[in-house]
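There are 2 protein chains.
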Amino acid sequence: MDIASLETPVPVVDLGIAEANIARMQAYADAHGIALRPHIKTHKLPALAHRQLEQGARGITCQKLGEAEVMADAGIDDIFISYPIIGEAKAERLAALAARVKMRVNVDSSAGIETLARAARHGHEIGVVIEFDSGNKRSGVVTVDAAVALAKQAAATPGLRFDGLMTYPTSAASAAFIAEALPKLRAEGLEPAVLSGGGSPKAVHTHEMAPVNELRVGTYVYNDRMMVAAGAAGWEDCALTVHVTVISRPEDDRAIIDAGSKTFAADIMPGGQQLGYGHILEYPDARIDRISEEHGMVDLTACAKKPAIGERLRVVPNHVCPVSNLHDRVATVKDGAFLGFVDVAARGRTL
Amino acid sequence: MDIASLETPVPVVDLGIAEANIARMQAYADAHGIALRPHIKTHKLPALAHRQLEQGARGITCQKLGEAEVMADAGIDDIFISYPIIGEAKAERLAALAARVKMRVNVDSSAGIETLARAARHGHEIGVVIEFDSGNKRSGVVTVDAAVALAKQAAATPGLRFDGLMTYPTSAASAAFIAEALPKLRAEGLEPAVLSGGGSPKAVHTHEMAPVNELRVGTYVYNDRMMVAAGAAGWEDCALTVHVTVISRPEDDRAIIDAGSKTFAADIMPGGQQLGYGHILEYPDARIDRISEEHGMVDLTACAKKPAIGERLRVVPNHVCPVSNLHDRVATVKDGAFLGFVDVAARGRTL
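As you go down the protein sequences, you meet chains A and B in turn. First residue of the first sequence: 1, per UniProt numbering; consecutive thereafter. First residue of the second sequence: 1, per UniProt numbering; consecutive thereafter.
All clues stand as given, with none of them false.
If chains are identical, the list can't say which one is meant, so a pair holds when it fits in one copy or spans any two.
In silico lysine-lysine, DSSO-like type, Cα no more than 30 Å apart, as pairs:
1) Lys-102 / Lys-152
2) Lys-137 / Lys-306
3) Lys-334 / Lys-202
4) Lys-306 / Lys-152
5) Lys-184 / Lys-102
6) Lys-137 / Lys-305
7) Lys-306 / Lys-334
8) Lys-137 / Lys-152
9) Lys-202 / Lys-184
10) Lys-137 / Lys-184
11) Lys-202 / Lys-137
Please keep in mind that the hints were generated in silico from the structure rather than gathered at the bench.
Bound-form chain A, shown alone (with noise of 0.2 Å):
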């Protein structure tokens, strides 16, 4: 069999251009002396995750439990879940991860050390590392001697252990916080051994932002439509394609694809929607303009050649990490060739 001939829609995974993503991310990573925490939500495969442990990185991330425990299943033993874990069930399911792998977890409130604190009287140690706000705007404590209380509390939580700070993404504000917050907490005489920065699209330029040593990456073991926007990556390097078939010619500058929202998700380009909803390899000039469940609609405008009814083409999604969560599998290819479907086991998992 071979990729031709698998019905569409279908996402295509290049394992040999993955492989070279990951090896260029761990080379950065070893360069500057940061470790490499891949997070999984990207790929949602086990075995790339262990193809990046393989190949130097020191752990994985999570975002949620679920996916925590797929990856534990699988043989992976160091975990950072890099979200806060709140209420009495996840505890359980934390102390029973922790009872198997060496957990550590975001905090940014008292009661998610509560939810930690619950889960270390299983009694396996677990590791806090206090989540700040860089200006993103999400979850985080946004001032300095916020993150110092926390600290402190968890570093006097029996069964618990403080790691360091973590925040998303990397930017210059998190130099400043860092160095603002690293004083006052050695005055607490609280030392972090974990200072750990985020995000695939400035990630090379990390060392250049702030004096993390973890680097938490998804998007660049595939990377996507906006990985290349922002000059992170050339399409050449997207492991990820979602392969479909013109299913309609309503009209001589419309084409219509059998793949939509539930296919590649409905994520927009910073830029906006008018940007549409992925870039076609073989016809770079046309434009996915707009997409319904299971439609994509294309504008041929720009377009000197055109496709016809029942022709294949290759779509780099604008957002890859929710293509793999929405699909059950991903076909594989190595140098053009099919090595079969796998899993995306940890896919669905918002547990």
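Please build the complex by placing chain B on the supplied structure of chain A, with the hints as guidance.
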């Protein structure tokens, strides 16, 4: 176990509300002599498809063969695929479906008829409905002459049966197209048994808009924020809500909930991104103004009372159909009691 003890984020379907929504749309269709053929894309649950049929629906609508296969496996025997089916592999799957259930399929090109003809060569007749465009600029022929030509081609093809016309959504333009097409079809000796329209927001105005005799609607079974914004439902008619938890309160006017685009999908309201990503029933003045994959950023500026970390909220998503497609299972409730989880059997069936 009660609903409040389920881990979040979790989609919860109130079967009482869904049942009432099904009954109301059926009553409308019955009152106007229109055959109701619900689109299962919204719930993707065989159990609800069966309830729709038990209440009077005449068959179901699916978008993809994979959805139809799930529904046929569940014993549903009259299926319309309202989507162009193209290619040899899909022809074989369609043939297998036609061998066991009554199948009708959308066509908007000669290539589409060729696919259906190939399927029909296995010996089981397939109904053909020609899709026309009512201004939506998606799939569907744009001229009456093209529709008539395809109808003739279908009628002349062994194993295919010309069944009629379809469009999406129903509009005044649908009426104009039908008015022009009917005499031209009849002049060719072709009588369309089916004139099929669709779209939940204006469904109960179908009889005022165009002389269709079949109504394809999906969203009405659950409703969502878009349906409420369109004046087609109230919050009390929204059968699916996503239960979430506040996991961070970094600032007085900002809460973070444990759900983002992996839970709600990233569909934006017709009015644009600034309208946010869902409606929080307990805090109607709060605004989910940004989402990332696992975070929902909630602006509390307009709220007199503000939620605390750990508090559970119910969110009506912007667009409910892709929510069903993100989750392996939904929790079901009736009269406030948790009835158990149901697998979203047709989730992810993009093929």
